[in-house]
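Trainee: Here is how the chains run, residue by residue.
Number of protein chains: 4
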Amino acid sequence: MSYEVRSLNEECGVFGVWGHPDAARVTYFGLHSLQHRGQEGAGIVANHQGKLSGHRDLGLLAEVFSDERILDRLTGEAAIGHVRYATAGNGSVDNIQPFLFKFFDQQIALAHNGNLTNAKTLRKALETDGAIFHSNSDTEILMHLIRRSSQPVFMDRIKEALNQVKGGFAYLLITEDSMIAALDPNGFRPLSIGQMVNGAYVVASETCALEVIGASFIRDVKPGEVVIINDDGVQIEQYTDDVQPAICSMEFIYFARPDSNIAGVNVHRARKNMGRLLAQEAAIDADMVIGVPNSSLSAASGYAEASGIPYELGLVKNQYIARTFIQPTQELREQGVRMKLSAVRGVVAGKRVILVDDSIVRGTTIRRIVQLLKEAGAKEVHVRIGSPPLKYPCFYGIDIQTREELIAAQYSEAEICEKIEADSLAFLSENGLIEAIGLQFDAPYSGLCMAYFNGDYPTPLYDYEASYLASVE
Amino acid sequence: MSYEVRSLNEECGVFGVWGHPDAARVTYFGLHSLQHRGQEGAGIVANHQGKLSGHRDLGLLAEVFSDERILDRLTGEAAIGHVRYATAGNGSVDNIQPFLFKFFDQQIALAHNGNLTNAKTLRKALETDGAIFHSNSDTEILMHLIRRSSQPVFMDRIKEALNQVKGGFAYLLITEDSMIAALDPNGFRPLSIGQMVNGAYVVASETCALEVIGASFIRDVKPGEVVIINDDGVQIEQYTDDVQPAICSMEFIYFARPDSNIAGVNVHRARKNMGRLLAQEAAIDADMVIGVPNSSLSAASGYAEASGIPYELGLVKNQYIARTFIQPTQELREQGVRMKLSAVRGVVAGKRVILVDDSIVRGTTIRRIVQLLKEAGAKEVHVRIGSPPLKYPCFYGIDIQTREELIAAQYSEAEICEKIEADSLAFLSENGLIEAIGLQFDAPYSGLCMAYFNGDYPTPLYDYEASYLASVE
Amino acid sequence: MSYEVRSLNEECGVFGVWGHPDAARVTYFGLHSLQHRGQEGAGIVANHQGKLSGHRDLGLLAEVFSDERILDRLTGEAAIGHVRYATAGNGSVDNIQPFLFKFFDQQIALAHNGNLTNAKTLRKALETDGAIFHSNSDTEILMHLIRRSSQPVFMDRIKEALNQVKGGFAYLLITEDSMIAALDPNGFRPLSIGQMVNGAYVVASETCALEVIGASFIRDVKPGEVVIINDDGVQIEQYTDDVQPAICSMEFIYFARPDSNIAGVNVHRARKNMGRLLAQEAAIDADMVIGVPNSSLSAASGYAEASGIPYELGLVKNQYIARTFIQPTQELREQGVRMKLSAVRGVVAGKRVILVDDSIVRGTTIRRIVQLLKEAGAKEVHVRIGSPPLKYPCFYGIDIQTREELIAAQYSEAEICEKIEADSLAFLSENGLIEAIGLQFDAPYSGLCMAYFNGDYPTPLYDYEASYLASVE
Amino acid sequence: MSYEVRSLNEECGVFGVWGHPDAARVTYFGLHSLQHRGQEGAGIVANHQGKLSGHRDLGLLAEVFSDERILDRLTGEAAIGHVRYATAGNGSVDNIQPFLFKFFDQQIALAHNGNLTNAKTLRKALETDGAIFHSNSDTEILMHLIRRSSQPVFMDRIKEALNQVKGGFAYLLITEDSMIAALDPNGFRPLSIGQMVNGAYVVASETCALEVIGASFIRDVKPGEVVIINDDGVQIEQYTDDVQPAICSMEFIYFARPDSNIAGVNVHRARKNMGRLLAQEAAIDADMVIGVPNSSLSAASGYAEASGIPYELGLVKNQYIARTFIQPTQELREQGVRMKLSAVRGVVAGKRVILVDDSIVRGTTIRRIVQLLKEAGAKEVHVRIGSPPLKYPCFYGIDIQTREELIAAQYSEAEICEKIEADSLAFLSENGLIEAIGLQFDAPYSGLCMAYFNGDYPTPLYDYEASYLASVE
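Chains A, B, C and D, in that order, give the protein sequences. Reminder that position 57 of the first sequence reads as 57 in full-length UniProt numbering, one-by-one numbering, no gaps. Reminder that position 201 of the second sequence reads as 201 in full-length UniProt numbering, one-by-one numbering, no gaps. Reminder that position 105 of the third sequence reads as 105 in full-length UniProt numbering, one-by-one numbering, no gaps. Reminder that position 82 of the fourth sequence reads as 82 in full-length UniProt numbering, one-by-one numbering, no gaps.
Be careful, since some hints might not be right.
Per the computed footprint, the stretches of chain B lying under chain A, defined by three or more beta-carbons under 8 Å from a beta-carbon of chain A, are [claimed, not checked]:
#1 27 to 40
#2 58 to 72
#3 134 to 142
#4 207 to 221
#5 255 to 263
#6 344 to 357
#7 437 to 445
Cut-off 25 Å, straight-line C-alpha distance, at most; resulting in silico cross-link-like pairs (DSS-like, lysine-lysine) [claimed, not checked]:
#8 A/K102 <-> A/K51
#9 D/K102 <-> A/K120
#10 C/K340 <-> C/K351
#11 B/K374 <-> B/K351
#12 C/K340 <-> B/K120
#13 D/K120 <-> A/K51
#14 C/K166 <-> C/K340
#15 A/K120 <-> D/K51
#16 D/K120 <-> A/K102
#17 D/K120 <-> C/K340
In silico negatives: residues of chain D with every beta carbon more than 10 Å from chain C [stated by the list, open to error]:
#18 V26
#19 L58
#20 E68
#21 R73
#22 Q106
#23 P152
Everything labelled a hint here was simulated from the structure, so no lab data went into it. A virtual CB, placed ideally from N, CA and C, is assigned to each residue, including glycine.
Put together the whole structure using the sequences plus the hints.
Mentor: What follows is the structure in structure tokens.
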């Protein structure tokens with residue numbers, strides 16, 4: 001029989017707090033600042049004197065917890081939470097995290113941000129041995145490994161399990177007496193520790209979540225580390241020594257919030273630098289620089305500053321975009337209907353425009369924006385991309401899964417330029433990107449993962465090896 | 001017995017189309033681009049071969065029409081729609097427009113953007129004469145006046161009614177055979193006419209709604225005009241000659257969308273000019289200019305350009321702000337919890353910041369933003385406001401109703417600066433504002449209404465006269 | 001232009017209380033026992049120290065008030081409420097009562113059970129004179145008549161208005177200082193007054209609503225009476241002397257609840273008598289008597305008792321019938337799918353069955369039930385109907401509107417028997433019905449309206465005259 | 001750490017069909033007739049060419065499938081479904097069945113009606129061995145046992161698992177190629193096989209579900225049988241020979257629908273016989289017999305028939321009882337408020353009433369009904385119960401869990417009579433019950449389970465033994 005696990009890539013956000021009398025509410029506000037990392041669903045599990053209880057559902061955080069009584073019921077002095085990325089069509093609440101498990105001898109909840117490369121193999125082996133899975137998320141695997149470990153001490157069970165899963169992962173667990181965080185040996189995903197004024201410890205996917213609740217930054221979780229937080233404080237251990245930093249460069253390019261710092265680097269600064277270096281690498285004469293709102297505004301302002309060409313607001317983003325939407329008919333589409341973005345005719349008409357965007361995936365969006373600007377009267381549109389061409393899929397948690405959907409994997413720069421109907425097109429170089437971000441690790445690419453650009457994956461691909469090899473032939 | 005009509009100020013948006021086979025859907029997309037003008041409720045009435053039917057409800061447009069079948073049922077070749085401004089606590093669907101009236105001899109639907117100054121007087125007179133109102137909105141009044149007019153010809157009834165209502169209004173009506181638009185004698189609110197590729201005529205509160213459906217701009221509706229659109233085309237008449245342009249300057253300052261043009265002036269351009277002139281009027285040395293997202297980004301970039309000081313992204317706006325929200329407890333509020341705006345520590349720490357905002361109403365928001373920046377390490381925060389101090393209430397449709405809530409009506413600039421804990425504070429001058437917008441009408445203030453700044457109301461205040469006089473003593 | 005007011009027949013229920021600290025909650029429970037009179041929508045308006053506020057919506061009472069906070073907000077010492085009959089397809093909340101009107105000099109709420117015969121004429125005259133209606137219910141008419149009356153005293157305005165409306169009506173109004181009930185000159189619809197233990201006065205469509213809240217019965221409202229209840233007690237006046245009792249016999253036959261008394265006659269008793277007399281008029285030998293649940297169980301038990309034939313439970317009604325339902329496909333319909341009623345095979349198989357039903361409208365339901373019984377093995381099915389054949393429409397509030405839909409208006413008893421595939425068919429005689437109910441009024445038919453059976457309408461038909469005459473030709 | 005599995009008793013309903021092109025819709029209608037067996041939640045899993053997909057949620061069936069598109073998406077030629085009993089406070093969708101499992105080598109869905117007596121022991125053993133449970137329902141246990149079985153052939157795995165679970169159970173499973181039903185060795189719960197006109201096979205908890213979809217009855221599933229239905233037809237095997245019929249007598253007394261047959265006995269007939277025998281055992285002179293609607297009407301009519309005392313409708317049940325309800329205040333409760341049942345004053349006033357009910361659990365309901373009748377004027381109320389006193393808990397699926405809640409376990413008949421304020425009280429004898437039902441099995445009590453009456457449990461109690469023994473001391 002044919003069997004297919006649809007690999008759910010999980011760019012998600014996790015947040016946890018230990019030692020606050022209103023832990024679920026703190027978690028709510030922390031998660032709120034991580035909402036950009038996942039809009040499909042959200043959940044919180046609280047620990048009240050060793051008893052766990054939770055709530056999760058499909059929808060934005062504010063929808064899932066729209067009834068204030070839900071949070072009121074989640075009393076507890078510790079909590080973890082999760083926001084889940086929208087992957088079209090798989091909207092079952094069974095996949096919304098944290099997963100809460102109640103055993104006769106233990107209660108554990110588990111949240112996960114990342115993607116395992118050996119999930120299929122592990123799952124098949126576990127099922128063959130009698131395990132029953134209830135979601136099609138990778139996340140459950142760790143729990144089975146922990147519960148089946150023969151180690152007598154619980155932390156040793158966790159370490160044993162962490163050494164069996166491969167790929168990109170940031171785990172956050174809560175038990176009766178501890179909160180536990182762990183990062184994969186490459187540290188693909190960001191994960192930071194902070195502390196609140198009252199002494200409570202906080203773990204979050206991005207530092208913006210620390211800011212929002214007034215917590216101070218302590219330090220990032222490092223590759224291969226497991227962090228145990230309980231009433232005795234924070235204890236950090238290394239569950240493996242086989243580590244090598246390879247931080248996801250897409251976090252800097254478009255995924256993380258501009259006010260977050262990753263590995264000590266401010267994301268807005270990094271993006272502005274991408275724009276600056278892009279201006280040096282791919283200068284052109286024009287009347288104005290405009291960015292695609294909102295993610296490319298930092299890079300665009302960097303480009304403007306470095307080039308001396310004025311930065312303008314040439315595109316307006318409608319802030320009332322609903323997630324379920326009336327679709328225009330074909331005829332209306334042809335007549336107009338730009339619900340998300342509008343070109344400002346009064347700004348761009350008759351002008352030569354440099355359009356800065358953060359990246360190109362399929363090329364369909366940028367093509368539509370170029371058209372928009374031209375219809376609004378722009379004389380020339382020169383596209384400048386703040387990152388190198390995306391040519392390879394990501395297996396560590398970013399939702400780029402096949403080479404077929406990547407326009408830069410199929411076509412040359414000149415061909416892409418023609419397809420998107422731009423007057424010129426340039427990408428930032430790989431070295432430019434590395435320099436712009438400016439990590440200082442003693443590791444390839446200064447500690448960045450550059451695999452989507454050059455296919456140089458920092459780990460074996462396990463279950464994905466065969467399909468990857470087929471795709472690059 | 002005491003009787004109080006709570007005057008509902010109505011910054012709203014209207015949109016209508018005549019002559020398109022999918023009129024309700026066109027109206028949906030037009031209204032979608034006007035959503036910033038009102039989020040409390042939305043409605044559409046369609047005309048199918050002379051029969052009117054409609055749908056309206058509380059909520060965002062996309063929520064009200066989330067079930068695609070609703071639009072499918074609103075077949076028709078003409079339609080009008082309305083988005084309504086959120087006025088806290090009065091959320092009854094009875095007030096959501098368009099209002100649809102079915103008489104034994106006529107069907108009419110009516111939508112309204114504005115505020116009448118003699119509503120209370122007219123309503124009392126009408127009720128004394130047996131009229132029954134079903135909403136507490138001003139909008140119904142016009143319909144009673146029309147139906148009670150003794151004029152034999154329908155258009156004369158409308159003109160007679162338009163001459164009885166006073167204040168700020170943009171009306172949009174649809175009958176069995178026509179769509180009718182009318183603007184008050186001062187033209188406080190914007191209203192424009194456009195045409196689609198297929199010849200259909202469109203009326204909209206802002207030109208951005210023309211762009212979104214691919215319609216070309218024909219001309220603005222002028223003060224004192226009534227526009228009749230039907231299968232014979234467009235006919236424009238003057239229902240009064242006692243006109244004097246006094247376009248609401250707050251539309252330019254913060255209310256309209258930056259890609260709209262009002263009286264031929266692009267809103268983004270006008271805002272950028274406000275920033276430029278502010279930089280000249282109130283220069284100061286600093287490390288960076290930042291704007292309050294999103295409405296003040298144009299002015300901030302103008303300030304930066306004119307001053308030569310770099311424009312930076314120092315504040316991040318969370319784009320996932322729900323309308324109903326879990327409120328932080330007092331303790332959490334003190335510890336942090338900035339759900340809407342965050343300061344980018346990596347950008348502002350140790351810097352002297354010029355913070356540009358469009359206006360100050362109560363002063364509470366700007367005070368919180370200054371605090372945010374200082375907590376994120378800003379060394380100095382110099383507040384620059386792209387408009388003059390707001391000192392007087394608006395009676396023509398902007399929701400500023402009492403002097404008590406206006407900080408600039410109570411305190412001097414120096415006092416405000418101290419209250420908001422800024423290092424310096426400056427407002428744009430009245431002349432600066434008039435110059436930045438650059439209207440050319442042969443009228444006071446070049447055709448702008450400046451009443452909120454200087455109390456120079458372009459009309460008598462009727463029902464509001466007494467309370468206004470009491471407030472300024 | 002063609003104009004059509006779809007006459008909404010209103011078998012509804014009204015309830016009001018004056019002088020109870022929790023008036024809205026009392027009204028909720030009173031209405032709950034009247035839910036059988038209307039399931040489309042419900043509403044309550046409360047009077048708190050002279051200020052009226054209300055809530056109404058589509059749905060069952062328990063749905064409309066499912067959020068307990070709604071009732072909590074409706075504080076007040078007096079209240080009126082309404083449940084509205086489901087008329088397919090016209091589900092607008094605009095038609096849900098009570099209607100609440102706030103004038104500059106007065107607040108009034110209004111609820112109505114009945115149907116006016118001159119509504120169209122009155123409405124057209126009022127609209128011609130400038131009146132604006134907001135619903136397509138008859139109910140609004142009274143309010144326009146009251147507000148336009150030239151009488152200086154409010155009660156005289158009401159009496160003047162009551163003398164202008166014709167047909168069947170039971171009105172319940174509440175103002176700042178009084179609750180007012182009025183019944184039409186024929187007393188078509190039931191309306192009773194009761195008193196609670198604490199002295200509060202209650203008005204209700206049926207006496208079962210008095211029982212449910214523990215109120216004692218005082219007396220019925222009589223034809224042509226208007227009842228004023230306020231802090232001074234109850235005052236009853238006659239607004240017209242042109243009265244003649246003609247109580248709707250369908251209330252006894254199937255509409256009212258069996259535990260209610262109308263004009264002193266218990267409804268269950270009346271139905272049981274109908275069964276008893278039917279057994280005498282139309283005896284037949286059989287093995288068992290079964291009734292159609294639930295409305296015909298009383299009549300069936302009467303038939304069984306009088307005939308000496310055992311009463312059996314041969315039909316089971318599924319108590320979980322949802323109002324919106326998945327429809328079976330054609331194929332499934334043919335294979336079975338009886339969601340509402342099932343025949344008990346173990347009871348009826350091989351037996352001769354007397355099937356008692358209260359009335360036949362279209363004949364489709366009884367035909368399906370006969371089939372059901374035969375498929376379950378019944379050897380013979382003899383249909384006995386506890387009322388005379390329905391041959392004429394009702395214009396006073398029962399939803400039988402055209403003769404076309406009445407099978408007995410089109411076919412003879414023998415033809416109907418054949419169409420419904422019964423082995424025999426008999427109806428109760430008109431005299432039998434009158435005797436079974438046993439009213440004692442000095443009026444035609446002892447005070448019953450028998451018009452649906454014999455076309456003898458107790459009032460002129462006004463707006464319906466023409467269409468009625470056309471139908472009987 | 002303390003760990004408590006709240007044992008969820010599961011009086012539920014299951015339905016399945018194999019071989020119908022619209023299997024999910026057939027299942028919907030089948031389940032609809034089983035809604036009385038469970039109102040907390042419902043679900044359906046369909047099999048389309050070997051692929052399973054499902055939908056389940058909290059609420060009534062019609063609510064769970066209110067959007068017709070859900071059923072449309074559940075295409076398939078086979079399906080199983082489940083309705084779940086409402087157990088207060090544990091309303092998580094995780095417990096709603098069928099449970100759907102997707103393994104790398106197999107897809108299975110599982111529904112269950114019953115209660116296991118060794119669930120806690122099995123669950124603890126499985127968890128100790130690494131199993132992870134996702135609900136707190138007993139139902140999951142069977143799936144773990146199946147997947148962990150070492151038998152090579154799938155049907156042998158199922159049989160091995162069935163021999164490990166103890167207590168009362170009716171399982172219904174669906175796999176890629178078969179539908180499988182199984183009954184416990186005592187046959188506590190009913191389960192029947194039928195066939196549709198097109199040849200499709202059907203399995204259902206009660207025969208009323210066969211009637212509703214037009215299927216003919218084939219035979220009951222017998223104790224210890226496992227039924228395999230696939231494209232080759234029906235195959236029935238015995239998974240154990242250690243069987244002894246002990247059909248739950250409460251199914252006959254009040255749980256099953258009157259039109260169902262269990263073990264060939266019609267439920268209405270059985271109830272009527274209970275009434276007849278009760279009349280013989282506990283005769284008394286009175287004016288009328290009334291039953292508590294709806295479950296006791298059969299028994300009441302039997303009592304009336306046998307005694308010759310007239311059967312009357314003395315209690316009316318409000319058919320619009322919502323599941324979430326506004327609660328009356330204490331004061332209102334005292335003044336009346338009988339939302340569910342009303343006494344018919346016009347029937348019972350001044351009369352001596354025999355009140356027939358099916359059973360007494362806590363005694364609170366019958367006490368309230370006696371009061372109701374007395375307040376409505378009944379001179380005497382003689383309570384007659386159609387079953388013996390309930391004295392012992394049920395561990396096989398009926399929600400009677402502790403002796404403490406059973407009034408007959410604490411008090412004598414005389415004491416109960418006094419507590420419920422009746423004029424006399426009598427129960428049907430055990431022999432009377434056995435005779436009334438009339439099973440013919442060669443087993444104790446002719447094949448009935450009488451344990452709730454006499455503590456004679458037909459199986460060991462396993463996990464419940466200790467608490468049971470404590471309770472009877």
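Trainee: Take the hints in turn and mark each one as holding or not.
Mentor: Hints, verified against the model:
no.: 1; hint: 27 to 40; result: holds (count 7)
no.: 2; hint: 58 to 72; result: holds (count 8)
no.: 3; hint: 134 to 142; result: violated (count 0)
no.: 4; hint: 207 to 221; result: holds (count 6)
no.: 5; hint: 255 to 263; result: holds (count 4)
no.: 6; hint: 344 to 357; result: holds (count 4)
no.: 7; hint: 437 to 445; result: violated (count 0)
no.: 8; hint: A/K102 <-> A/K51; result: holds, 10 Å
no.: 9; hint: D/K102 <-> A/K120; result: holds, 13 Å
no.: 10; hint: C/K340 <-> C/K351; result: holds, 23 Å
no.: 11; hint: B/K374 <-> B/K351; result: holds, 10 Å
no.: 12; hint: C/K340 <-> B/K120; result: violated, 55 Å
no.: 13; hint: D/K120 <-> A/K51; result: holds, 20 Å
no.: 14; hint: C/K166 <-> C/K340; result: violated, 38 Å
no.: 15; hint: A/K120 <-> D/K51; result: holds, 20 Å
no.: 16; hint: D/K120 <-> A/K102; result: holds, 13 Å
no.: 17; hint: D/K120 <-> C/K340; result: violated, 40 Å
no.: 18; hint: V26; result: violated, 7 Å
no.: 19; hint: L58; result: holds, 15 Å
no.: 20; hint: E68; result: violated, 6 Å
no.: 21; hint: R73; result: holds, 13 Å
no.: 22; hint: Q106; result: holds, 30 Å
no.: 23; hint: P152; result: holds, 40 Å
Figure legend: structure checked against the earlier numbered hints; hints not met, in rising order: 3, 7, 12, 14, 17, 18 and 20.
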